[in-house]
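Top line first, the protein sequences correspond to chains A and B.
Numbering-wise (the UniProt record's numbering), the first sequence opens with residue 1 and increments by one.
Numbering-wise (the UniProt record's numbering), the second sequence opens with residue 1 and increments by one.
Any given hint could be a false lead.
To be verified - Capping the alpha-carbon separation at 30 Å, the derived lysine-lysine pairs in DSS-like fashion look like this:
id, chain 1, residue 1, chain 2, residue 2
1, B, Lys403, A, Lys139
2, B, Lys361, A, Lys139
3, B, Lys593, A, Lys69
4, B, Lys656, B, Lys566
5, B, Lys361, B, Lys442
Hints in this document: simulated from the structure, not taken from any laboratory.
On a predicted model such as this, the values are computed, not experimentally measured, just so you know.
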Amino acid sequence: MKILSGRKIKKVYGKKLNAQEVLKGIDMEVNVGEFVGIMGPSGSGKTTLLNVLCSIDFATEGVIEINGKNLRMMKERELSSFRREQLGFIFQDYNLLDTLTVKENILLPLSMSKVSKTEAEQRFNEITNLLGIKELAPKYPNEISGGQKQRTSAARALITNPSIVFADEPTGALDSKAATALLSNLEKINFEKKVTIMMVTHDPVAASFCSRVLFLKDGQLYTELYKGEKNRKAFFQEIMNTQGVLGGDGYDA
Amino acid sequence: MTLSQLVLRSMKKNIKHYYLYFFALIFSVTLYFSFITLQYNPSVENISGSVKVAASLKTAQYLLLFIVVFFVLYANHLFMRRRSKEIGLYQLIGMSKGLVTRLIALENVILWSGAIAIGVGVGFLTSRLFTMILLRILEKEALVSISFSIQAFQMTLFVFAILLIIVLIQTSFMIRRTSLLSLFNASKDADTRVKRFSAFQMFLGFIGLVSIVYGYYLSTKLFEGDSASVNILFIRMMLILGATIGGTFFVFRFSVAFLMNIIRKQKRGRLSIVDVLSLTPIMHRMKGNAKSLTLITVLSAIALAILSLSYISYYSASATAQRSVPYDFILFNDQGQSFTERLHEEKIEYKQVDFSLLSAKHDMSELLENELPEGMMIDPKSTETIIMKHSEVHKVMPNFKLKEGEGYLVGYSGMLAEFMPFQVNKPVHIMTSSGEVTVQIKKLDEEPLISYRATYSSPALVVTDELFELLANDPVVQKQTVWTNQTGIDLVDRTKIKEVQSLYEETTNDGSFEFVNVEGHKEVVSLDSQESFRQSNLEVFGLVIFITGFLGLAFLMTTGSILYFKQMTEAEEERASYTILRKIGFSKKDLMKGIYMKQLFNFGVPLVIGLAHSYFAVKSGWMFFGTELVAPLLITMSIYVVLYSAFAFLSIGYYKRVVNESL
Chain A
1 MKILSGRKIK KVYGKKLNAQ EVLKGIDMEV NVGEFVGIMG PSGSGKTTLL NVLCSIDFAT
61 EGVIEINGKN LRMMKERELS SFRREQLGFI FQDYNLLDTL TVKENILLPL SMSKVSKTEA
121 EQRFNEITNL LGIKELAPKY PNEISGGQKQ RTSAARALIT NPSIVFADEP TGALDSKAAT
181 ALLSNLEKIN FEKKVTIMMV THDPVAASFC SRVLFLKDGQ LYTELYKGEK NRKAFFQEIM
241 NTQGVLGGDG YDA
Chain B
1 MTLSQLVLRS MKKNIKHYYL YFFALIFSVT LYFSFITLQY NPSVENISGS VKVAASLKTA
61 QYLLLFIVVF FVLYANHLFM RRRSKEIGLY QLIGMSKGLV TRLIALENVI LWSGAIAIGV
121 GVGFLTSRLF TMILLRILEK EALVSISFSI QAFQMTLFVF AILLIIVLIQ TSFMIRRTSL
181 LSLFNASKDA DTRVKRFSAF QMFLGFIGLV SIVYGYYLST KLFEGDSASV NILFIRMMLI
241 LGATIGGTFF VFRFSVAFLM NIIRKQKRGR LSIVDVLSLT PIMHRMKGNA KSLTLITVLS
301 AIALAILSLS YISYYSASAT AQRSVPYDFI LFNDQGQSFT ERLHEEKIEY KQVDFSLLSA
361 KHDMSELLEN ELPEGMMIDP KSTETIIMKH SEVHKVMPNF KLKEGEGYLV GYSGMLAEFM
421 PFQVNKPVHI MTSSGEVTVQ IKKLDEEPLI SYRATYSSPA LVVTDELFEL LANDPVVQKQ
481 TVWTNQTGID LVDRTKIKEV QSLYEETTND GSFEFVNVEG HKEVVSLDSQ ESFRQSNLEV
541 FGLVIFITGF LGLAFLMTTG SILYFKQMTE AEEERASYTI LRKIGFSKKD LMKGIYMKQL
601 FNFGVPLVIG LAHSYFAVKS GWMFFGTELV APLLITMSIY VVLYSAFAFL SIGYYKRVVN
661 ESL
């Protein structure tokens, strides 16, 4: 069952004369429960694609549907509540509000929903247990480490039980140990809770946790790799090879 | 590229950052220049009592200078803080601190020249407006001709040149202090900002609230108590000031966070979007904002109190005149008949009210609600009071009846009523040749009926006709009585007041009235008409209200702008939060709800506390300034609130833009 589909997505920045086409007509589909990675060299349009798919940015042309809903047909308010209820976000720089405690940050997306207090508390316990950050609840973001921040951010993304989670370079600012821990967590959540995840990364290690990896080059879909039955190491090797062919930023991490 | 090219180019590109600072400069120059021009305006210089006028204008000028200096230095401080990254960047690309200083200095010189040129231009126009307002307040009719005053221009140039030098010194200090690190410490801001709240801070927060309430309580008791000597009064005033100002600081520094923390704790982690955008940032910013908010609150309270008091004086000019001289024109002891004859001849319609009068010594001590404070030069056991006849008073105040042995007081108001409050249903003893006659007081009425020349601003006693006749034949009372009757004349058509005034002066020899005093000698007093009494009041208070009004306006504008600037900075700092919130699915409208709340707090709380402070300050001492409290106080406060809210709307507008741009 597909959850997200994009047809002929084009994105142009700038006006007529100095217009720059960042996405040149991308077709893609994501099925429920997939863990999709998007890779590609700098400037290939990874983040732009993610922003367009998750409704933070608008596509110049093309159709994007999530759960059968066309994003273009929605107004600002509808889009906002759609994002709040259906989508989860994890960003490279955590995007936590530093005036809120960890718990307040995590429960923030529920503030306008009708979820009951006990239900919210229950979900909070479940997710923080899963991510191992329960004891951090009363702390402020500046009192915890980067890895903990990113797990908090992940917890915030998951608290609404979203249909799909978008992650933009979630391990970008983490050391390798924290990165691996986070990715294992995401993998577990993807597997256990059947949450669909879409992740932009330039780190082949991170990408090797995915079930499928899309490669972008110059705003176009270059190729895609399926993990299938392979183990992570073999998949990692395959990603490295593809990246080598693609050229570019294999080692800029 | 030369330095000046670099400066011009960077100014052109960053015009958005400059306009605020530029505006603050123009505003300061305008204010200062227009005031100085007004001071040198011949039509103002000609106003009577020019020595006094000049002196008060001069004092006002220094106060204004103080406000301007404060404002400009603050604006520069803020402007430089916003640019610390830019300054760091210049150094990163290899400019020396000296070069950066020169760059900023050159920029400042260009900005200031522009601001002075524009400010002088605008000030020239506004000074005409201000002069017209001043003359209008004083009810003087003069043609306002305004010429460009070279003297005022030189003065302004001189003052702002010195100010520029100070600003440049301030700037160079700031540049010396900013290090390259300031480029990278954006995230550090949060570290210093977000702290936990300890139980001790909570306690201090509670103390703050208590101390303000205590200060207010003291202020209502300022002139009460049995031993209000000057020393004790002074100590009390200091105590009140200390309690309220200290309390204000504690409230901003601790109480706000204390109260908000309680609310926040109760939400148990589930904050609404409004809380996220108002409650938490306010809480965490209070440490940095407490000092400036206290300053703004206290200063606006002072400004408001002074404004209110001077407006009370001005506003009361008519009321005081009305109370001191209850009728348009007053005649005594059947003198000045030629005045009424002339009124007939000129066919000017009027209403006439006659009262027969007696005077006697009274023992009023039983009427007093409290003991008299020390140092009052009044002996309540033997005060001289005017006595009136009920049937005559009944014509003007028809809804009160008297039984035998009863009486009431009229003209009971003002300072006397505040300091020596009376109570009803208590006796007054009138001293006569055959001992004391006792009258039970049934009512205290504010309505003035008799000229202050006869009553010395004390209340008059109204008794039954029988008693009045009895007293009229008493030799002791007869000896005490110097005024036997008063004739009050009210014009039907008050537009003719000027014409009648000259008739009055002509027929009564400038309002001179003869009487025989208690010792039996002849004396002459001169009476004012109500209008001339009011005029002389206006002249004194008009100037005061104009100057305080001008300074108050300057004050309001600067404090309002400072709050606005602060909010602009906060909006910029919080831009990232808005981006996050919008990304995770909150609409602009949701965010704006929180921002409205935050603005309500940021502007509302200093305003409300400032209003409360000034209310209690005015309440404790207004009776020295006039006769009306409520109306002038409400008018001053409402004008203040309206002007002040303009800044809140400006800053909401700014937030709206930031929120719109944030995604």
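Against the structure, the hints:
| no. | hint | in the structure |
| --- | --- | --- |
| 1 | B/Lys403 with A/Lys139 | 79 Å, violated |
| 2 | B/Lys361 with A/Lys139 | 79 Å, violated |
| 3 | B/Lys593 with A/Lys69 | 28 Å, holds |
| 4 | B/Lys656 with B/Lys566 | 16 Å, holds |
| 5 | B/Lys361 with B/Lys442 | 19 Å, holds |
Comparing the model with each earlier hint shows violations of hints 1, 2; every other hint is respected.
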